[in-house]
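Q: Sequence:
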Amino acid sequence: MNLKSNYIVIIAATLLLVLAGCRSNPVMNIENMPIEISGKHSSKDIIKAIKHAGAGLGWVIKSKKPGHIVGTLFLRKHVAIVDIKYTKKAYSITYKDSQNLNYDGTNIHKNYNSWVQNLNRKIQAQLSTI
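Everything in the sequence shown is counted per our numbering, starting at 41 for the first residue and increasing by one.
These are computed hints drawn from the structure, not numbers from a lab.
Bear in mind the structure is a predicted one, so any value in this text is a computation, not a measurement.
Be aware that a few hints might be false.
Claimed, not checked - In silico DMTMM-like links for lysine to aspartate or glutamate, alpha-carbon gap of 20 Å or less:
#1 LYS84 <-> ASP137
#2 LYS162 <-> GLU76
#3 LYS125 <-> ASP137
#4 LYS91 <-> ASP123
#5 LYS104 <-> ASP85
#6 LYS128 <-> GLU76
#7 LYS129 <-> GLU71
#8 LYS162 <-> ASP85
#9 LYS88 <-> ASP123
What the hints assert, rightly or not - Across the chosen pairs, the derived CB separations fall in these ranges:
#10 ASP144 <-> ASP123: 15 to 21 Å
#11 LYS84 <-> ASN147: 35 to 41 Å
#12 SER168 <-> HIS108: 36 to 42 Å
#13 SER82 <-> THR146: 24 to 30 Å
#14 LYS102 <-> GLN164: 16 to 22 Å
#15 LYS129 <-> LYS105: 31 to 37 Å
For glycine and all other residues, C-beta sits at the position ideal for the given N, C-alpha and C.
Build the full structure now, drawing on both the sequences and the hints.
A: What follows is the structure in structure tokens.
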């Protein structure tokens with residue numbers, strides 16, 4: 041191979057790596073996840089569990105009004121914002137907004153869904169301690 045061919049191969053390989061790293065997936069929302077807690081619990085208990093779960097993963101969790109929390113995750117140059125709506129029986133985590141996650145109305149950066157899944161698992165774990 042000559043020098044020109046080597047450059048073409050290097051450029052093509054680099055482009056493939058960049059494109060592979062920029063994959064996106066459909067946005068995943070958690071809808072009506074049951075809150076299965078034995079015994080009595082209050083809305084304050086649920087808020088506390090959600091806030092503790094989010095904070096443990098780096099999410100900034102802010103109450104907006106009863107039954108509605110907003111979670112924001114800042115990772116490097118990425119920002120993910122979710123609505124967390126809850127009752128005493130269930131909660132939902134839904135996409136609200138983002139920055140630098142290539143959201144196109146349907147698909148989003150491949151890591152977003154794992155961040156939401158991790159938040160959901162942590163909320164479940166915290167709720168189980170109530």
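Q: Quick check: which numbered hints come out false for this structure?
A: When the structure is compared with the hints, numbers 1, 12, 13 and 15 turn out to be violated.
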